[in-house]
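Undergrad: Read off the chains here:
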Amino acid sequence: MANYKMHLLVCGGTGCKASQSGPIRRNFQTQLEEMGLEQDVQVIHTGCFGFCEQGPIVKIQPDNTFYVSVSPGDTKEIIEEHLIKGRKVERLLYTDPNTQMPITESKNMDFYKKQVRIALRNCGFINPENVEEYIANEGYAALGKCLEELTPEQAIQTIMDSGLRGRGGGGFPTGLKWDITRKVENNQKYVVCNADEGDPGAFMDRSILEGDPHTVIEAMAICGYCIGADKGLVYIRAEYPLAIERLKTALKQAREYGLLGKNILGSEFSFDIEIRYGAGAFVCGEETALIHSMEGKRGEPTFKPPFPSQEGYLGKPTNVNNVETFANIPPIINKGAAWFSSIGTEKSKGTKVFALAGKINNVGLIEVPMGTTLREVIYDIGGGIKNGKEFKSVQTGGPSGGCLTKDFLDTPIDYDNLLAAGSMMGSGGMIVMDEDDCMVSIAKFYLEFTLDESCGKCTPCRIGNKRLHEILDKITEGKGTAEDLTKLRMLSHVIKDTSLCGLGQTSPNPVLSTLDNFMNEYEAHVNDSHCPAGQCKALLQYQIDDEKCTGCTLCFRICPVGAISGEKRSPHYIDQSLCIKCGACFEKCKFNAIKIA
Amino acid sequence: MINLTIDKKPLVVKKGTTILEAASSIGIDIPTLCHMNLHDMNIENNPGGCRVCVVEVKGRRNLAPACCTEVAEGMEISSHSIRAINARRTVVELILSDHPADCLVCAKSGNCDLQDLAHHLGIREIHYQGEQSHYREDTSPAIIREMDKCILCRRCETMCNQVQTVGVLSTINRGFHCVVSPAFEMNLDHSSCTYCGQCVAVCPTGALTEVDETGAVIRALSDPTKTVIVQTAPAVRAALGEEFGMEAGTLVTGKMAAALRRLGFDYVFDTDFAADLTIMEEGTELLGRLNKYLAGDQEVKLPILTSCCPAWVKFFEHQFPDLKDIPSTARSPQQMFGAIAKTYFADKMKVKREDLVVVSIMPCVAKKYESSRDEFAVNGNPDVDHALTTRELAQLINLANIDFKALPNEEFDQPMGESTGASVIFGTTGGVIEAAVRTAYEVQTGKTLERLDFEELRGMEGLRKATIDFDGLPINIGIAHGLGNARKLLEEIKAGKSEFHAIEIMSCPGGCIGGGGQPYHHGDVEVLKKRQKAIYAEDKSKTIRKSHENPYIKKLYDEFLGEPLSEKAHHLLHTEYFDRS
Chain V
0 MANYKMHLLV
10 CGGTGCKASQ
20 SGPIRRNFQT
30 QLEEMGLEQD
40 VQVIHTGCFG
50 FCEQGPIVKI
60 QPDNTFYVSV
70 SPGDTKEIIE
80 EHLIKGRKVE
90 RLLYTDPNTQ
100 MPITESKNMD
110 FYKKQVRIAL
120 RNCGFINPEN
130 VEEYIANEGY
140 AALGKCLEEL
150 TPEQAIQTIM
160 DSGLRGRGGG
170 GFPTGLKWDI
180 TRKVENNQKY
190 VVCNADEGDP
200 GAFMDRSILE
210 GDPHTVIEAM
220 AICGYCIGAD
230 KGLVYIRAEY
240 PLAIERLKTA
250 LKQAREYGLL
260 GKNILGSEFS
270 FDIEIRYGAG
280 AFVCGEETAL
290 IHSMEGKRGE
300 PTFKPPFPSQ
310 EGYLGKPTNV
320 NNVETFANIP
330 PIINKGAAWF
340 SSIGTEKSKG
350 TKVFALAGKI
360 NNVGLIEVPM
370 GTTLREVIYD
380 IGGGIKNGKE
390 FKSVQTGGPS
400 GGCLTKDFLD
410 TPIDYDNLLA
420 AGSMMGSGGM
430 IVMDEDDCMV
440 SIAKFYLEFT
450 LDESCGKCTP
460 CRIGNKRLHE
470 ILDKITEGKG
480 TAEDLTKLRM
490 LSHVIKDTSL
500 CGLGQTSPNP
510 VLSTLDNFMN
520 EYEAHVNDSH
530 CPAGQCKALL
540 QYQIDDEKCT
550 GCTLCFRICP
560 VGAISGEKRS
570 PHYIDQSLCI
580 KCGACFEKCK
590 FNAIKIA
Chain C
0 MINLTIDKKP
10 LVVKKGTTIL
20 EAASSIGIDI
30 PTLCHMNLHD
40 MNIENNPGGC
50 RVCVVEVKGR
60 RNLAPACCTE
70 VAEGMEISSH
80 SIRAINARRT
90 VVELILSDHP
100 ADCLVCAKSG
110 NCDLQDLAHH
120 LGIREIHYQG
130 EQSHYREDTS
140 PAIIREMDKC
150 ILCRRCETMC
160 NQVQTVGVLS
170 TINRGFHCVV
180 SPAFEMNLDH
190 SSCTYCGQCV
200 AVCPTGALTE
210 VDETGAVIRA
220 LSDPTKTVIV
230 QTAPAVRAAL
240 GEEFGMEAGT
250 LVTGKMAAAL
260 RRLGFDYVFD
270 TDFAADLTIM
280 EEGTELLGRL
290 NKYLAGDQEV
300 KLPILTSCCP
310 AWVKFFEHQF
320 PDLKDIPSTA
330 RSPQQMFGAI
340 AKTYFADKMK
350 VKREDLVVVS
360 IMPCVAKKYE
370 SSRDEFAVNG
380 NPDVDHALTT
390 RELAQLINLA
400 NIDFKALPNE
410 EFDQPMGEST
420 GASVIFGTTG
430 GVIEAAVRTA
440 YEVQTGKTLE
450 RLDFEELRGM
460 EGLRKATIDF
470 DGLPINIGIA
480 HGLGNARKLL
490 EEIKAGKSEF
500 HAIEIMSCPG
510 GCIGGGGQPY
520 HHGDVEVLKK
530 RQKAIYAEDK
540 SKTIRKSHEN
550 PYIKKLYDEF
560 LGEPLSEKAH
570 HLLHTEYFDR
580 S
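If you're matching them up, the sequences are chains V and C in order.
Numbered according to numbering that gives the first Met the number 0, the first sequence spans residues 0 to 596.
Numbered according to numbering that gives the first Met the number 0, the second sequence spans residues 0 to 580.
Simulated from the structure, these hints should not be mistaken for laboratory data.
Hints are supplied without guarantee of correctness; some may be wrong.
Said to hold, decoys possible - Taking beta-carbon pairs under 7 angstroms as the criterion, some of the chain V residues facing chain C (in silico):
| # | residue |
| --- | --- |
| 1 | S453 |
| 2 | G455 |
| 3 | R461 |
| 4 | G463 |
| 5 | R466 |
| 6 | L499 |
| 7 | E522 |
| 8 | N526 |
Claimed, not checked - Footprint (simulated), chain V over chain C, 3 or more residues, beta carbon under 8 angstroms:
| # | stretch |
| --- | --- |
| 9 | 43-54 |
| 10 | 87-99 |
| 11 | 174-188 |
| 12 | 515-522 |
Ideal Cβ placement from N, Cα and C applies to all residues, glycine included.
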């Protein structure tokens, strides 16, 4: 960051881009040029800052001012006030929801206070399209250290000692995986980066690739050095265009700087990386399916063993790690295993990135030490539930995870605790639900996702999940029976017990965890034809309050099926046998005369 | 070696053994559905997809599929714990919940692995009912795809892709919408399907079946204006008995002839006769090319490839059209028979071509397609009107209330029922080339062949080669069965690396004895071996064992054709190939 006096960091994550961070950046650039400031101020499109709720975000360095909810029309004011006159634009500063006071620096915001950023360390801080900025922040130092000071065994030992476990969901010890692949003898091995992130609402891998692509490249090269591979492949879903573009730029730069290619940094070690595109099939996140897809075959899992470390891509030993796992590697090599293992819980070391979503005030991307409680994440960092509603449940682990109740809020988050609670870490999706969410519908929603994404190879996943979904559908339609609840549980257990891959083995988790934790809601649907959250349309009844109805006839006129009748200026009436529960009358009534029963 | 227990029985097995194999070794038959292992042919379908074979392994989180889980030291396996039984039954119930319940009228009724399995597991109720998959039916000249009945075991895919390398069938779509289909859900007859029928042969349900022509044959038989004659392929006699509960490998040549006569065929002939004729034509062609080559002709194409297998012909027309001048131009025995029947025989009997109906009984579904090829018809009247499979013949026999086992042995009619030992071995892999060698040797060398059993050409290996000494002239012979093996030989030819003078190719593993139209062997290779043994036994029992010594063949040439490769022979007994790529 040599010649510029100031830097404007404009968030270039997909969320902020969607809310016009592109035009913001262009406005800054053209306006700076018009004012002849382009030599003094540099505009940089960074990766995701994480605080998506408040996007688009613009950060000004060196004074670290953090502007939120910036629009393209605000750029001139920021330049004139902040850059030229040195006065902060108060209206664009973040307001602390508790004190109602403006906060200028992100480190003082509750959202960031409890975060520890290892995997996301560079996201939002460097220009992901400039390798020099990565290098200036200790980039490629770890690779250099490995090549010059460490034998592959020593480097693997460091990863083992750090206690790093796979961040893709399974939690398998990373160092051990590397060690196993290293020990398989073969003259050709591969390093694969799994960037097929597919959990609904999860975007940590995408953000890392968008915000800090070099960390993944560096880590893959280190992995190649450790296991004895000279070729790496990034399997990334094609609907991540920005991540792909930044990764391509980074690969090109890394080659230009001799950080990829033949004899890296003058050593004997050669390594290069290719990109493979996925067509957006969730099951291709499963490593054997991913490998088949890369080979041009149908993306479906095969039985393990053989594990990829034995027979992977093109039948050769292959080490598959997820993006976030790789992002942790360079800091571990640089700072040592002891540093990393000092963070986290006994069996889960380091940090974990979560994508906070749902009915929570601060939607966004966060990274917290393992062992942080769900309460801290949801209330301290996430700012609590939207609109002051009551917390009902948090779903972790994506479609394979479970829905946890408030009884688990003080559970320290780590692999083992989440499993014990009936959910899982997964890749880090965290969706918060409030009192208005119907848990039967939530289970149905997740199952719908698994149904769409099942590869269809094994019977329990292909047909079993379909049947589960049909039963849930029946229940939300008010046609469920007590026997259906028993069937749900029995079938769920068989699906878990017999499915071929992780997708099927975990797909009934949302059903089982809601059955365990929210049985009362299921029973209300089945026994009383009542949806406590008022979400299941079929179980709603719109009624007209005689007292309030003025007989204005508006509802009569808009009802699409003619279910409403009544004389002018006298109370109207809804024929329940005709009503399709579209809610049009409810929305339009000016006198609040229509109630949901 | 690995020590383990299954159902509390201790046993020791080799490392790498699957739970399924280990259990089977001590007499515990764990039910399977998608699993298929044709051991001797290196054909294995082990997707671990149906999950019927799940067993409980002590200490393991979930149930293990026995077919693809290798045993480990100290494993304690229960194949029938309540957890395993419950899971297995639930899995089969799930399959049944997406399967039409029309067993009573299904072509596979009584021969359906799914039906057997449901019975075996005592399933009396399907607890999980719901939407069923529906697909349009796809009818081709030989095979019908009724995908509503598909259970995604994907055995057909293994046959089509790994074994045959035809690459037509694969699973498309996802989840509940998965279906095995040609690309873009095109019809089979628009694809490069060879109609080898190996998919039909391994399909556990009625999803893949042959086109049923029994109705048309019954109509022809009951039409007084028609003369209906029948020919039976060599491999049929070694397998038909299985349809009537007889031991695999029981030869039923005589009973078959008797049954056909009782069905009302006016003449019961033998495709073997035409197989002898094939040897005359193909053998002469082979020697012609060979002698040209020996004389230094650079243009001559060698090796010569056999051409009696219709699926093989369609395979190279699609996949290797640039090699289409290499196979012999000789038509298959079925088509030679049809062409001679509708000319020579029809003239002899003074029957008009259109009043003569030629029915063939074949171990094959591709023969249905072959008989429908345009070049094998005169003014729209096909040389062979109906090609039935062995299974369809059994169905006709049942329909006619014939007690097959009680039938006497009867002879074929003449003139087209006489055959030699050489022709009967057409039914097994290696047989056509052995028959050709018996004739070619004598024609080439002018000497009498002392040893007729060429053991070096026999066997079940997918690819075999042997050098036969033609009185000082070494002739290199290659044999392939299974189209995947054939592909290897074709790639060699294409690369100019083939060392062979002649190659025999059969599409189906085992040759015609393992044809797609034979009684279902449910993946048991022992059945094929028994059929093969029967074929060689029939050969041995014949007094005449060389095609050129068949008296009726000699007569046919004398009276009608002249000599092999004559103009008439060329017109009636040879064909051309098309680029279908």
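Undergrad: Would you check chain V against the stretch 515-522 of chain C, counting CB to CB pairs closer than 8 angstroms, and say if three or more residues qualify?
TA: Violated - the stretch 515-522 of chain C has 0 residues with a Cβ nearer than 8 angstroms to chain V, which falls short of three.
Undergrad: Taking beta carbons only, do three or more residues of the stretch 174-188 of chain C come closer than 8 angstroms to chain V?
TA: holds (count 4)
Undergrad: Mind checking the CB of G463 (chain V) against every CB in chain C and telling me if the closest is under 7 angstroms?
TA: With a minimum Cβ separation of about 5 angstroms from chain C (threshold 7 angstroms), the hint on G463 (chain V) holds.
Undergrad: Hold the hint about S453 (chain V) up to the distance rule: shortest CB distance to chain C must be less than 7 angstroms.
TA: With Cβ-Cβ at 4 angstroms, under 7 angstroms, it holds.
Undergrad: Should the interface hint for E522 (chain V) be scored as holding, given a Cβ-Cβ cut-off of 7 angstroms against chain C?
TA: violated, 21 angstroms
Undergrad: Test coverage of the stretch 87-99 of chain C by chain V using CB-CB distances below 8 angstroms; three residues minimum.
TA: holds (count 6)
Undergrad: Verify the interface restraint on N526 (chain V): the C-beta must sit less than 7 angstroms from at least one C-beta of chain C.
TA: violated, 21 angstroms
Undergrad: Does the interface hint hold: is R466 (chain V) within less than 7 angstroms of chain C, judged Cβ to Cβ?
TA: holds, 4 angstroms
Undergrad: Less than 7 angstroms between beta-carbons is the criterion; does L499 (chain V) satisfy it with respect to chain C?
TA: Holds: closest Cβ of chain C sits about 6 angstroms from L499 (chain V), inside 7 angstroms.
Undergrad: Given G455 (chain V) as an interface hint, is its Cβ closer than 7 angstroms to any Cβ of chain C?
TA: holds, 3 angstroms
Undergrad: Counting residues of the stretch 43-54 of chain C whose CB is closer than 8 angstroms to a CB in chain V, do you get three or more?
TA: n = 8 at 8 angstroms, threshold three: holds.
Undergrad: Under 7 angstroms is the threshold here; is the Cβ of R461 (chain V) close enough to any Cβ of chain C for the hint to stand?
TA: Hint on R461 (chain V): holds, closest Cβ of chain C at ~6 angstroms, below 7 angstroms.
The structure fails to meet hints 7, 8 and 12 from the earlier list, while all remaining hints are met.
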